[in-house]
Amino acid sequence: MIDKRFSLPDAMAGIKDGSTVMIGGFGAVGQPDFLVNALSDQGAGDLTIIVNNAGWNRETGVPRLLDLGRVRKIICSFPKNSPAFDDLFRAGKIELEIVPQGTLAERIRSGGAGVPAFYTATGVGTPMAAGKEIRNFGGRDYLMEHALHADVALIEAWRGDRWGNLSYRGSGRNFNPVMATAATTTIAQVHHIVDLGDIAPDDVVTPGIYVDRIVQFPVEAST
Amino acid sequence: MTDPCTPLTRGQIAERCAQDIPEGWFVNLGVGVPTQVADYVPEGREIIFHSENGILGMGPAPAEDAVDPWLVNAGKKAVTLVQGAALFHHADSFTMIRGGHIDLCVLGAFEVAANGDLANWTTSSNDRTPAVGGAMDLAAGAKRIWVLMEHVTRDGAPKLVEKCSYPLTAPGVVTRIYTNYAVIDVTPRGFEVIELIPGMTLDALQAITAAPLVMAA
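Protein chains in written order, with the numbering used here: chain A, 1 to 223; chain B, 1 to 217.
One chain only, chain A, in its complex shape (with noise of 0.2 Å):
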């Protein structure tokens, strides 16, 4: 029987020093942070992490995981406002790679996708076009941007069954469904672990290929 139904500490076994994280999520919206405080408790460093914002509230998620040491360096689109990542950049303590929103979906659409790389019109004629290749296709110049593959994501998600398969609530899509193909271990905190048929197949937004293990956010704290 295929079954992808994980504890918590078991969901972060294997994640080693070094590794490259995504972690899904638009502010607070569908952001993993049942699974990026097991990450915190795990212990593992020198991480990379893809993420678009790098959080506000110390006590949890990503800032929390910025605060004990653990990042080495950000891949990000917006890092305002997160005290905890701007007390380590300006100390030097961190390493920043600014990426436009839309260039880091799809740098992670493509990483999924087997596409290494693709030209974008976006970033052209700016301080973001610096140190890359400009083509021009049909009068208009575009920059190559590489895709992005990590060693896990961590997401999250409204309904999963043990294979996997998922389904999302309002705009708490966002970077998610997009992630869980670009890792090779994708982790979903899912509100709801539901029986197999349970999600109709018209509704599934992440099929469970892309899926390793699933997680059971606490019911008491789900909306």
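Hints are not guaranteed to be accurate.
In silico SDA-like links for lysine to any residue, alpha-carbon gap of 25 Å or less [what the hints assert, rightly or not]:
#1 A/K132 to B/S165
#2 B/K76 to A/L96
#3 A/K80 to B/A131
#4 B/K77 to A/K93
#5 B/K163 to A/P127
#6 B/K163 to B/E150
#7 B/K76 to B/T95
#8 B/K143 to A/G139
#9 A/K80 to B/W70
#10 A/K93 to B/E150
#11 A/K16 to A/M1
#12 B/K76 to A/G139
None of these hints come from the bench; they were simulated from the model.
Use these hints to put chain B onto chain A, whose structure you have.
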């Protein structure tokens, strides 16, 4: 110089901009004052608002007791969905933006140059954390970029300039600017004034603009 007339409030600039958006357009509104444009869409005109985090058919902010924590806009503020709305992930959302499917994006700006260059993501003048978000994708990818901003900075410095002094968000993309004094098109002739608020003159506007203005024919 003294103010020759009463400048528009930010809400009034947003209201003026909203009048020019035709029915049926897919529109992305930048964080801040541009977000207010949605509040002034004329009654009965269907415009579909896009949010970069995966919403088409975004509605107004909910009542305090009706907040859905799973629905936020690009500024991370609570929003609602209208009938007919759709939800999708980030790669799809930026396919809409970067693939030229969004008819209009309304953004704020630090500076706009006479050739349409846009600077709105960093002033590099302090040690604040750099952050770009979706601004460059929208600026390079939407069919049209309109800017909504005050005509001068808080210190009175012109924001319409010959050449941007701040790092660009995208070159040559802005086609129209709504300020508290005027509506201005960016054309091959440079800044072309298509409307002045009552009491404003071309000479007075030129005095607070750091690039030549011409009156539209």
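Results of checking the hints against the structure:
A C-alpha spacing of about 23 Å is found between A/K132 and B/S165, which places the hinted pair at or below 25 Å, so the restraint holds. Proximity of B/K76 to A/L96 is assessed by CA-CA distance (about 22 Å); at most 25 Å being required, the pair is judged to hold. The hinted pair formed by A/K80 and B/A131 meets the criterion: a straight-line CA distance of about 6 Å does not exceed 25 Å. For a cut-off of 25 Å, the pair hint linking B/K77 to A/K93 is broken: about 31 Å separates their Cα positions.
Among the hinted pairs, B/K163 with A/P127 is consistent with the structure: their alpha-carbon atoms are about 16 Å apart, no more than 25 Å. Between B/K163 and B/E150 the CA atoms are separated by roughly 18 Å; this keeps the pair inside 25 Å, and the hint holds. Taking the CA atoms of B/K76 and B/T95, the gap is about 21 Å. The hint holds against a cut of 25 Å. Between B/K143 and A/G139 the alpha-carbon distance is near 17 Å, which keeps this suggested pair within the 25 Å criterion.
Using a Cα cut-off of 25 Å, the hinted pair A/K80 and B/W70 holds, with the two alpha carbons roughly 22 Å apart. Taken as a hint, the A/K93 and B/E150 pair is broken in the structure, with Cα atoms around 38 Å apart against an allowance of 25 Å. Distance restraint check for A/K16 and A/M1: the Cα-Cα separation of roughly 28 Å exceeds the 25 Å cut-off, and the hinted pair is therefore not satisfied. Between B/K76 and A/G139 the alpha-carbon distance is near 37 Å, which puts this suggested pair outside the 25 Å criterion.
Going down the numbered hints, you'll see the structure goes against 4, 10, 11, 12, while the others check out.
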